[in-house]
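2 protein chains.
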Amino acid sequence: MKYIDLDKTESYRNLSGLAGTKRTLAALLNVDRIKKYMAPMGAGLQYSYSAKLVDDPVLAALQKLSDEQELIEKYRAILDGETMNTGENRKVLHHLTRGQLGKPVIEKGRNLGEFYAEELNRFQAFTDAVHTGTIHGSTGKAFSTVVQIGIGGSDLGPRALYLALEQWAVRAGKKKLNAKFISNVDPDDASAAISGINMEESLFILVSKSGTTQETLSNELFVKAKLQKAGLDPRKHLVAVTSETSPLAHNPDYLDSFYIDDFIGGRYSSTSAVGGVILSLAFGPEAFKELLAGAHETDSLALNPEIAKNAALLDALIGVWERNFLNFPYTAVLPYSQALSRFPAHLQQLDMESNGKRVNRFGEPVAYSTGPVVFGEPGTNGQHSFYQLLHQGTEPVPLQFIAFLESQLGDDVEVDGSLSQTKLKANVAAQIVAFATGKSDSNRNKEFTGERPSSLILGKQLNPAVLGALLAHFENKVLFQGLVWNLNSFDQEGVQLGKILTKQVLSGNSGNPVLDAYSQLLAVK
Amino acid sequence: MKYIDLDKTESYRNLSGLAGTKRTLAALLNVDRIKKYMAPMGAGLQYSYSAKLVDDPVLAALQKLSDEQELIEKYRAILDGETMNTGENRKVLHHLTRGQLGKPVIEKGRNLGEFYAEELNRFQAFTDAVHTGTIHGSTGKAFSTVVQIGIGGSDLGPRALYLALEQWAVRAGKKKLNAKFISNVDPDDASAAISGINMEESLFILVSKSGTTQETLSNELFVKAKLQKAGLDPRKHLVAVTSETSPLAHNPDYLDSFYIDDFIGGRYSSTSAVGGVILSLAFGPEAFKELLAGAHETDSLALNPEIAKNAALLDALIGVWERNFLNFPYTAVLPYSQALSRFPAHLQQLDMESNGKRVNRFGEPVAYSTGPVVFGEPGTNGQHSFYQLLHQGTEPVPLQFIAFLESQLGDDVEVDGSLSQTKLKANVAAQIVAFATGKSDSNRNKEFTGERPSSLILGKQLNPAVLGALLAHFENKVLFQGLVWNLNSFDQEGVQLGKILTKQVLSGNSGNPVLDAYSQLLAVK
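From first to last, the protein sequence lines stand for chains A and B.
Okay, so the first sequence: first residue is 1 according to the working numbering, each after it adds one.
Okay, so the second sequence: first residue is 526 according to the working numbering, each after it adds one.
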């Protein structure tokens, strides 16, 4: 396989040429196109791209780009366990946490698919023991609350998934434990999280692959001090999710430890023990397995080399078209589902940490834009907030809507002849059309220029399998975009300098007068 | 006063010329500058702009721009009650909800400063009666929970402020009622909010200036149905915050109604009854008055024509420099305080809905970029998420840090020789320097180019007065930027088309085949 920069491909010239031709949504959009421009995403989800600024020639050029950059071959290489995280000399195996799609992956004589499956079985057996009360706190009381202590990928993904299913689980009679999260080194975060819970009935999951994350270790000691103050034995209230080589592994300070390895990146770890322990504890093992099955189905669809049948690939390529040929620097994710309130925050990490990079996989600066800024809030809330700029700002922002035919909880009210869920969906249809085609008006302040592209991810109802598919779709989209841009999407060297300088500040010995001056301003010492 | 487009000013040419000269933070940053480039913001807050890409010539040109665009005179005109929301032919009076800085504002014989003060007194008397149990639910039980039903400005600001002070109030012994929020027309939002509360002890605040907001009225009926089902009398469990001309005013269906008017825009309404009722109920009348006093102090500092002494004005002008002369399309807000978790979401509305506009106050298209995309999450969480792109992405994103010397709750732990709060602050200092000056490395993947500008808002501790000052700072910053761009920052015509098309969809009679096709796809009917 060849790894070449986007601007060195033949497709780059093709697409640049195509971008020189003006195309408008006003001219492109019609009923047939809305029916035709759809691709299956798994778990019944559909990706609708009729309101994107693409036409058949652009799509054909994107197909060529996919073929030229050998995206499916490279995806297969990831699945087969090749060392695709080149900078860190690691495999990229998060897909394997939800099923085998490539060759068996053997590392130092161990089949890693089996290893992940064993850990899944282990933590689900642990989960069962917590639910039955066999495993309990140091005073013998059953656990009623689980608190995840982790940051970044150990927090955002699991938290977004927990919130997405919390009420679903209540209604389905599957809610087992209440969950909380502590992430920030700001001591107010841990203090607030703990203030409302009964420590005697609380189980804490310490999540850190390296076992050395500053925030997580500080918060662990914060929690341990509180447990001790309450007369409880911390060893009976803590489990660890970590790698086998970390100080948290095989450590009697924890009830148990569940393992991931260096081949599961933080932002891709929601389907490993990082998300699995807390989600299984909260909603039961079955719900988490359904989530894995949804993700696995979506992963398998991403193997299709035909972009019209591979939603993640298509979404990725349209994003590249928007980023590098239409020159949009951002993307908004707009879920019309309150349960997905923190899903955009997870996608923000997933996308911006994977592809916010200025050098290619060989460490050479690239001459084109890479990952966009990603932001978003649930609709219809966003409509009453930042949509003003989306509709009438000076530059268009590409949009990604997410919607479901049915509400998650089935608890609704009819007002003025329609259910709230119907109004919610009517708003989605209205917004897509308003953004695409706008409205002329003799009062320019009331004019909408339109030509603001959007896509729609549409499902029947948000449940664990659908959520798994949604998660995997975006993981694979980001992966494909990184491959188009010739990046290594799986390292994050950009977080290192801040860590180094923080240590210098705390040691009081930076040797950098500017850094010392800011430290003084902040009264660090 | 003259209202002219930014690109028609003399300053525009000056600044364009200055932007042609390359300046680097590596060359500019030094210890003296860090001490000098600070401006007071009120309530003890400081605005530090030493890590912004400005120097004395740029600052002098920005001062000239401020003078040429008559920003202080126009701010005075707003305070004096002139009709500055020209499109809607309205005054702009949110400053008046926290004190009088301009002339008395008389409308149809009524002194509006007195009107807002009377409403404040009325709802604070109501608050006292709820706290003493004089006002209670229909079964005689005292209220323990208050639920705000509102969307956009009736939700984001009040919610951000509530979360910012919730734990502070608990620790200060001032927490009176627990608060929840229902905003989205998604029925899952109301259903989830209600599922965990005792309806018998719950008071609902219906917030809609017009009394016709689709989401809010649907959620009102949702809640009323639940109250009735629980055998409760909705009239004893609902109050309204609305305008005197709305259907919710003087209406026996509510325990009481508190009034705002058309001169308080939604996104600027947190210091009116829109934020005041719920914050006073939750934390007591005194805390809300302290918040008002902090905002008022900050409003008064914004009258200073000298930009070095007017933090809101300076922040606004530096933002214009970054947007129109350095061409950055976005800004990230990064509070190093978990209590400010939803403050960026409020600022997103405040900024993007005010200045996300492509026509000037006369309805003529402008030839320059206006409001940027605003996004953000608390640090250090963001460091483990999207900071990778901020440090090593292909384009710089201007940053606004917010930090406090002391934690809000005073509950901390020492690990490795430092408190968590110390680590938090050390991270802020480290990030500012890492972004500004970067780090060279022979491995380009570990190289940081730096030259990524940031500012820092620094306070002693987050309390109601400081929060009020912070809120007012950003309101005034956005106001000044709108004036530089010659916009009307106080209307939001960009939200209208979606509302119209939604109604067409729901009536089943759009006459628009494309809209009908999307409605069908979403199974609206």
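If you are wondering where the hints come from, they were derived from the structure by calculation, not from laboratory data.
Remember, predicted model here, so these are calculated numbers, not experimental data.
Ideal Cβ positions, reconstructed from N, Cα and C, are used throughout, including at glycine.
A couple of the hints might just be wrong.
Restricting the straight-line Cα-Cα distance to at most 30 Å, the calculated cross-link-like pairs of lysine-lysine (DSBU-like) are [stated by the list, open to error]:
| id | chain 1 | residue 1 | chain 2 | residue 2 |
| --- | --- | --- | --- | --- |
| 1 | B | 599 | B | 633 |
| 2 | B | 964 | A | 499 |
| 3 | B | 985 | A | 224 |
| 4 | B | 971 | A | 8 |
| 5 | B | 666 | A | 439 |
| 6 | B | 533 | A | 446 |
| 7 | B | 560 | A | 74 |
| 8 | A | 180 | B | 985 |
| 9 | A | 499 | B | 561 |
| 10 | B | 1028 | A | 35 |
| 11 | B | 754 | A | 499 |
| 12 | B | 560 | A | 499 |
| 13 | B | 1028 | A | 174 |
| 14 | A | 224 | B | 700 |
| 15 | A | 175 | B | 705 |
| 16 | B | 985 | A | 460 |
| 17 | B | 699 | A | 224 |
| 18 | A | 460 | B | 561 |
| 19 | B | 560 | A | 446 |
| 20 | A | 439 | B | 1028 |
| 21 | A | 174 | B | 749 |
| 22 | A | 180 | B | 705 |
| 23 | B | 754 | A | 503 |
| 24 | A | 460 | B | 1024 |
| 25 | A | 180 | B | 699 |
| 26 | B | 527 | A | 446 |
| 27 | B | 666 | B | 533 |
| 28 | B | 705 | A | 174 |
| 29 | A | 103 | A | 309 |
| 30 | A | 309 | B | 1050 |
Some chain B residues well away from chain A (every beta-carbon gap over 10 Å; in silico) [claimed, not checked]:
| id | residue |
| --- | --- |
| 31 | 547 |
| 32 | 631 |
| 33 | 636 |
| 34 | 770 |
| 35 | 890 |
For each hint, the structure was consulted:
no., hint, in the structure
1, B:599 to B:633, "holds, 23 Å"
2, B:964 to A:499, "holds, 13 Å"
3, B:985 to A:224, "holds, 28 Å"
4, B:971 to A:8, "holds, 24 Å"
5, B:666 to A:439, "violated, 52 Å"
6, B:533 to A:446, "holds, 24 Å"
7, B:560 to A:74, "violated, 52 Å"
8, A:180 to B:985, "holds, 28 Å"
9, A:499 to B:561, "holds, 27 Å"
10, B:1028 to A:35, "holds, 23 Å"
11, B:754 to A:499, "violated, 55 Å"
12, B:560 to A:499, "holds, 25 Å"
13, B:1028 to A:174, "violated, 38 Å"
14, A:224 to B:700, "holds, 27 Å"
15, A:175 to B:705, "holds, 21 Å"
16, B:985 to A:460, "violated, 50 Å"
17, B:699 to A:224, "holds, 28 Å"
18, A:460 to B:561, "violated, 58 Å"
19, B:560 to A:446, "violated, 47 Å"
20, A:439 to B:1028, "holds, 15 Å"
21, A:174 to B:749, "holds, 28 Å"
22, A:180 to B:705, "holds, 17 Å"
23, B:754 to A:503, "violated, 58 Å"
24, A:460 to B:1024, "holds, 24 Å"
25, A:180 to B:699, "holds, 24 Å"
26, B:527 to A:446, "holds, 24 Å"
27, B:666 to B:533, "violated, 64 Å"
28, B:705 to A:174, "holds, 24 Å"
29, A:103 to A:309, "holds, 23 Å"
30, A:309 to B:1050, "holds, 28 Å"
31, 547, "holds, 19 Å"
32, 631, "holds, 28 Å"
33, 636, "holds, 31 Å"
34, 770, "holds, 21 Å"
35, 890, "violated, 6 Å"
Violated hints for the displayed structure, listed by number in ascending order: 5, 7, 11, 13, 16, 18, 19, 23, 27, 35.
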